[in-house]
Structure formats: C-alpha cells, structure tokens
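A.B. asks: On the provided structure of chain V, position chain R as indicated by the hints.
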Amino acid sequence: MPIIEVKDLTKVFGEDPKRISALLGQGWSKDRIFNETKHTVGVNRVSFSVEPGEIFVIMGLSGSGKSTLVRLLNRLIEPTSGMIEIDGQEITRLGADQLRTVRQKKISMVFQKFALFPHRTLLENVEYGLEVQKAPKAEREPKAREALKLVGLETRADSYPDELSGGMQQRVGLARALANDPDILLMDEAFSALDPLIRKDMQDELLDLQDTMKKTIVFITHDLDEALRIGDRIALMKDGAIVQIGTPEEIMVNPASEYVERFVEDVDLSKVLTAAHVMRRPETIGIDRGARVALQLMRESGISNLFVTDRSRRLIGVLTAEDASEAARRGLPLEDIVIRDAPTVAPGVLLNELFELVGSSKVPVAVVNETGRIVGVIVRGAVLGALAGHVPGREVDGDASETTAG
Amino acid sequence: MLPKLPLDKWVDAAVDWIESSLGFVLDPIAAGIEGAVEGISYVLHLLPALAMIVLLAALAWRFMRWKMALFTLVGLFLIDNLGYWDHTMDTLALVLTSAIVSIVIGIPIGIACARSKRTQQIVTPILDFMQTMPAFVYLIPAVTFFNLGVVPGVIASVIFAVPPTIRLTNLGIRQVPADLVEAADSFGSTPAQKLVKVQLPLAVPSIMAGINQTIMLALSMVVIASLIGAQGIGADVYRAVSQIKTGKGFEAGLAIVILAIFLDRLTQHLVKGKRQADRRG
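The listed protein sequences correspond, in order, to chains V and R. Mind the numbering: the first sequence is residues 225 to 630 in the numbering used here, read in order. Mind the numbering: the second sequence is residues 8 to 288 in the numbering used here, read in order.
If you're looking for bench data, these hints aren't it; they were derived computationally from the structure. One thing to keep in mind: the hints can contain errors.
[Claimed, not checked] Taking CB as the label site, the calculated pair distances span:
#, chain 1, residue 1, chain 2, residue 2, range
1, R, D186, V, S383, 18 to 28 Å
2, V, S383, R, P184, 41 to 51 Å
3, V, N259, R, P184, 39 to 49 Å
4, V, D382, R, W24, 58 to 68 Å
5, V, S416, R, R72, 35 to 45 Å
6, V, G277, R, V211, 52 to 62 Å
7, V, T316, R, R72, 38 to 48 Å
8, V, D255, R, D186, 23 to 33 Å
9, V, D382, R, S28, 54 to 64 Å
10, V, E370, R, P184, 26 to 36 Å
11, V, S585, R, P184, 35 to 45 Å
12, V, P226, R, V111, 48 to 58 Å
13, V, M225, R, V111, 47 to 57 Å
Don't be surprised by glycine CBs; every beta carbon is placed ideally from N, CA and C.
Extracted from the complex, chain V is given alone in its bound form (with noise of 0.2 Å):
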C-alpha cells in the first residue's frame, strides 16, 4: 500500500490555470501552450506512487518542474487539478486547519538554501515544529536536542545559524525536519548548495538515518550521481511531466527515451552497476570429491580455478589447478587444500568499490549471498568490460567471452 499516491497532477501558472490545464489533455505542448495564451506549464499530469520507507527521487534539469511538483505535494503551491493521497487522505481537499496539521505531522521539508530562522539558535530553530503545535518546552526541548544529537550537532545546540558552515546548517535543517517525527521527508535539492565532498558525507549520513529511522523519503535533485547514490527509484522529469521511472539500475539499462539516454550517457558506470550485473556463472564442485574430478572439471572447462561447496552450494573455499594436481599426486582430499579465506563480496556492492578487490586478488572473487550461497564470480575482464558501456542486458557490442579463469 504505497503512502504518496499522486495522479495527474497539474500546475499551471497564469491567470486562467483550469482553463488551460484542460488543453495539456487535448495534447497541446508546454511551449505551444505558453506561445500561445502565455501560461506557463509547471508540472503536467504527473503520477506516481512512493511506498513506505522508500528513497523515491525525482530528477530533472533546473526548469524541468521538481521543485514545483514537490511544493504541490503539501500544497505550499496549490495544484491546479489532478489528486494526492497520502495515508489515504486527498491532500487536494483539505481545509486549511486540516492541512496545517498535515504539514505538522507528517511532512517535513528541507530547503536547498537551509532556510534556517536566523534569530533562533539551532535548538529553537529544531524546536519550531513542535513549538507550532503549541507542545510545552519541557516535551519539545528533549525531543529537539534528541534530534540534534542524530545530526552530531547536540553541543552547539545554543549557536546561531549564522556561526555554522553550510553543511551544519543543512544538518540543522534535517533535525529540524526530523524532530516532529513526520512519516515523510519531502528534501528540496537539500544537498545541492554544498561543496562536493560535504555533500557525499550528507547523502552517506541521510542513509545512515534512513536504515534506522525508514522514513519515506522524497528527495529532488538535478545531480545524476546523487540519485544513482540514494534513490531506491528515480523518476526523471523534463517540462513538467516525467518521462521515465525506475531503479537506478533500469534507468541506466535501460533508458525509456533518447533524453534519458542523453542524460545518462556520462554517468560513471562504476558508481550504478553491481556485482550482480557483472558477474559470470560460476564453477563449483563439492567438497566431497576428489582432487582427480576436480583437475578433469577444470580440462573440461578450459579454466584455472574451481569453488568448493557443501551440498546446499554454501561456499567453502577456492581451489586452484596446482594445489588440485599437486593432490591428486599425493591422494589428499579436497577438505586439505582448498584456500578457505577466499574473496567474497555481496552481490549489491557497487563496481567502484569492486576495483581494489578484484585487482589484487589472485583468486576470482566469488559473489556469495545472505545465505552463504555462491551466486557467481567476478572476472577481471567482466568488470572492465561492464565499464566500457558492455552491460549484460544492455547493448553489447563486442563479445564478452571471459572465463572464470581470469
């Protein structure tokens, strides 16, 4: 049961919105609609839906409409037509006390810009939503010094904002948002104004707090790479309507349209595409065989090195063709030479961090699930390859015929 459910949602800006938001229906274009009768098109017929707990961020170039469409969703900017249902309860319809208390309680906002109240310190600035709904100093002092210590800023509580570098005040920011404890976070290009490294620690913290607090969160931003990073789906705008949503991974496969192609085409691959994307069916033999079957595996195969498992294909180890014939001269059983503290990584690690593993293992690296199951194995070549635009399910133009051998 998703918590924002939006459907065609609309903004029109001008002096007869309703009017024109009907022509968007007819299929008039954004620019034929503001050369013609000088409206301006914010957001057309957008929908979407966003489950609990998710990281849902919408992207788009400055003018594509996401700030618009992210005010629409508390209503600091009216839509013109078109529902929101968040929790089951029509946004659109609400009278202002009903609304108030819907921005009270369960959203909150981060602004690009930090939009902290410059008069108060940080703890009456994180205090202001509880202060609102008139909640007593001795309920909203705790919670909002609760709130600053999950940012890491409980002892400059009684600073301004003026005394804090960017990154503080966005911090300041969040706790702000937090300290009511809404269901959803409704984040403005909340990191855009910082510095690059400030702003990769900010998106590194926000998914910290997201794995202990799963708040629902909608996250704007025009930076590629910082919706790879966060965005458990990214819906991708262009003049107000979105033209494609998805996965990080099916955006970057699989793009709906040449302008998503476009917009893609100079992401660092290595930073989307994980183990799993990369790696090759593995060859696997049972730790109760003997070397003999194993060297014959390896001829069969045309390949160096073989996994050993249990019966329920859980990894044990790696073995190589020079300990195996070694063995097999002597007649000692696998259990005595396979090399236990192979490599393993996750199949959800990213390729970047892939890089320095893969590179000085002299074993492949096996991909091994929660379970301890071998799901497959990683491959020098294949990494590379997936780097050079060769992604399995993408097109691919030269043949990736690597080994498990490496």
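C.D. replies: Relative to chain V, chain R alone:
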C-alpha cells in the same frame, strides 16, 4: 471655463460634520493624549536636572560607545546651563507621546499592508499625501477638533511622523526571505504564528529604522506645533523668530539639535545592543 470646484467648501463641511457629530470620539482621544503628555512630562521632571543628565548619559553608555555618553553629558549640561532644561523636557514629552501614538497606530497598519497587497495599494497613496501636504495645513483641523494646546500638536505630529513606521514595518516584513516564510508554512504555522515567530523578529531592524525616522519627524514638528500653543523648546524658537532675536533662536535651536542627536543615536543602537545581549545570554 469650468466654474471653480468648491473643494474648500467640501472640506470645511466635512470638518464641521466631524466636529459636531464625532465629539464623543474626539473628547476621549484628547483626554488620553493630554494625560500621556502630562504623565511623561511629570516623570521627566521627577528628578533634578543634574540627576537626569547623569541618568541619560548612563543610558547612552549602556547602549553606545563612551563618546556618545560624553556627548550626552556635555550636551544636556549645556541645555541646562542655557536655561532650557524644563522646556526641553516638555518637548521630549510631546515627542515621546507622538512617537508612541505613531508606533501603536503605525505597526499594525504596516503589518496589514504587508499581509495584503490590496491594503498596501490603498494605504500607500494616503501616506504619500500625508507626507507631502504641508504640515501647517494639519494644524487647522487639529485646532478645530482639539482647540489650542499640546493635543493638536501631538495629532499634527503623528500625522506627519507616522508614515515611516508604516512603510518600514511593511517593507521589513516583505523583505523576510521567501524561503524562511516557506519553511514556516511547511511546518504548519498559522498566519499569526508565522508573523510573531518569524516575520516580526526578522523585520525588527527595519521597524526600528522606521521608529527612528518617526521620532526625528516628530521632533521636527515641535516648532510648528508651538504655533498652536504647544509649550516647550519649540515655543522658544518661535518667540525668538517673531522677535528677531538671533542669539536666543540659536540657543533654542541648539537645544533641539542636541536632543535630536541623542534620540537618533539611542534608537539606532537599541536594536544592536539588544541583539548583542541576546547572543551573550
């Protein structure tokens, strides 16, 4: 040729009507203003001049640099020495009353202007009118309504001095950055909460600049107010002018200048001083 519009007749008729039918409103206003001026004047005369001078110098010391405290000490002592102390305090009472009335009227009107474009469109030309119409003209209906004395002086001063407070309150609130207003909205603030917790505190420097201007304009009205019988240093200037006594005129004028500088610097620094105190606290 068109016949002349009987504009003067219309205005006279309106003034007559107000005087005859709104007496029940005008009388309590007059009583209130008179009481305020007398009350403030009483307080200002409570201490002997020397004690008062030291007290005001201490106030200057508290909010400003030592140079300003020294200026206050020397300046006020000079006023006392020239023999204008009592009249200066009468004038101060008149100016403070005008300023207080202006603030009480001006800030709410300024807030109303900031919240509604329509209100602003109606109020702005009225303010322009009030500031450009020669101040002497206000004296006539003020005297009609409130007779001679300090009350019409205060009324004329308020009309002349209130526009900056209204304008700068309006401007101060409108200048609060849009993202802060949006942030306040996004947390579900009511319009009143937004005003009190975000907009007004951030508009304080601008509002204080307006109040400062209002006090200066009220002070500039004291000589004009003396034409209709308001007592104080303004009356001394007026007398000097009518008797062509340059020396006396200079003395009385100097007293007004010293008072003006003191009030101007003090109101300018009240905000900054308060801010720094907050930070330290």
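A.B. asks: Taking the hints in turn, state whether each one holds.
C.D. replies: Going down the list of hints, with the structure as the test:
1. D186(R) - S383(V): 18 to 28 Å: Hint holds: Cβ distance 20 Å, inside 18 to 28 Å.
2. S383(V) - P184(R): 41 to 51 Å: 20 Å, violated
3. N259(V) - P184(R): 39 to 49 Å: Given a distance of about 33 Å, which is not inside 39 to 49 Å, the answer is violated.
4. D382(V) - W24(R): 58 to 68 Å: 60 Å, holds
5. S416(V) - R72(R): 35 to 45 Å: For S416(V) and R72(R) the Cβ distance comes to about 43 Å; the hint holds.
6. G277(V) - V211(R): 52 to 62 Å: 43 Å, violated
7. T316(V) - R72(R): 38 to 48 Å: Cβ of T316(V) to Cβ of R72(R): about 58 Å, so the range 38 to 48 Å is violated.
8. D255(V) - D186(R): 23 to 33 Å: 29 Å, holds
9. D382(V) - S28(R): 54 to 64 Å: 59 Å, holds
10. E370(V) - P184(R): 26 to 36 Å: Holds, at about 28 Å.
11. S585(V) - P184(R): 35 to 45 Å: 54 Å, violated
12. P226(V) - V111(R): 48 to 58 Å: 54 Å, holds
13. M225(V) - V111(R): 47 to 57 Å: 56 Å, holds
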